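**Q** Next come the chains, spelled out residue by residue.
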Amino acid sequence: MIDVLYFAWVRERIGTPRETVETQAETVQALVDELRAREPRYAAAFQDLSALRVAVDQELTDFTAPLAGAREVAFFPPMTGG
Amino acid sequence: MIDVLYFAWVRERIGTPRETVETQAETVQALVDELRAREPRYAAAFQDLSALRVAVDQELTDFTAPLAGAREVAFFPPMTGG
Amino acid sequence: MRVRVQDAPFDLGAEANAFVARQQGAQAGAIVTFTGIVRDIAQGLDVMEIEHYPGMTERALAAIIDQAQQRWPLADAFVLHRYGRMHPDEAIMMVATAARHRKDAFEAAEFLMDYLKSRAPFWKKEHSAQSAAWVEARDEDETALNRWSR
Amino acid sequence: MRVRVQDAPFDLGAEANAFVARQQGAQAGAIVTFTGIVRDIAQGLDVMEIEHYPGMTERALAAIIDQAQQRWPLADAFVLHRYGRMHPDEAIMMVATAARHRKDAFEAAEFLMDYLKSRAPFWKKEHSAQSAAWVEARDEDETALNRWSR
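Protein chains in written order, with this note's numbering: chain R, 1 to 82; chain X, 1 to 82; chain Z, 1 to 150; chain U, 1 to 150.
Take the hints with a grain of salt, since some may be wrong.
To be verified - Per the computed footprint, the stretches of chain R lying under chain Z, defined by three or more beta-carbons under 8 Å from a beta-carbon of chain Z, are:
1) 1-10
2) 49-62
3) 72-78
Just so you know, the hints here were simulated from the structure itself, not pulled from any lab data. Remember, predicted model here, so these are calculated numbers, not experimental data. All residues carry an ideal CB built from backbone N, CA and C; glycine is no exception.
Go ahead and model the full structure; you've got the sequences and the hints to work with.
**A** Here is the structure:
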């Protein structure tokens, strides 16, 4: 069980800001692959991973990051603060 | 006839902020030489020209600057604004 | 209080004065502020909407300030960033730095800006009468970060 | 009004807000301010006294702003500098710049500071209970100027 959060156009494409996912995925990449296989909207959101950023437990990381012990994963486009 | 202004420790050493000087000096350097010859307080103030800055008609310049047509010459130490 | 994330508008002048007042006696002779204002580049922007990641935002900003304080001898640093909806000419965010020397205050403020532009979880969306579009990250902002990795 | 030289204290926050208000509609998304505060480094400063050259001061500051506006695409720039007597923790001076991009606003503010430190006719004298001494120009300030002569 892991909380998955989406922001900006990723959120819009998937259609929800947050969901709880039942998964045994060991890495972010494995979780992405599971989500992609679910429904076209996930496949669309995760089509180009170079356009996405990921945070595990609110720390920026990359798609190879392990998910062991993680409670929260977030996907979003490159940030545009300031 | 030219107005000569002094600031900061130059003013303190010479003992006046401003005076009108009768001179035919053609350059700042020539004016400095005339002033130095006047009294010890001028010689003291103008002892080390590398420690001084000069403005002619309110524009920073150097000691070789001509005085033809100038109305105001100012001597002061390096600035410390900001 | 070094980080504030809020929906409400803020008064840049009041924030700057409060920041300076906190430096009393700290020998911080140099205070730099940066303020970002909503621009209406395409001459049709109605609303700038900013989404953020509550929880992570505060952590990310605090981590960026920690980095700045490790790199420069700062007396203090402050970041305030809004989210939600705002109009052209409204202030989006500000940073403030205090240091003994101006070079440190300037560099640290630029560093904070470069990092929070591309590493703090904010996303801008521009709404006009006709359309709405997410602002794309700029390559220059990524390039600006590289100068600090020396 | 881009230059102000005055004896009286000033309110940094009010000045910053007024500067931002003047940028309404100017598409200046980036506002940088620098404020210099009287420091009491030797822990005994009673009064900082600043002498200036009335007439030349305003001209020199305006010329420095002209130079900055030629080098960077600025929407606006402002310099306020006090003279006379002031106490530790009081503001001595401020600069403000407005530009479309933050890099221009930051660089122009640093340029203004570097130039007015060494090229505007102000002289500082520090008074303590025991003594009074003119502040000496720092080599670093002269060095800081050189980076702009590219």
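**Q** Hints first: check each against the structure and report whether it holds.
**A** Now for the hints, and whether the structure bears them out:
no.: 1; hint: 1-10; verdict: holds (count 4)
no.: 2; hint: 49-62; verdict: holds (count 4)
no.: 3; hint: 72-78; verdict: holds (count 4)
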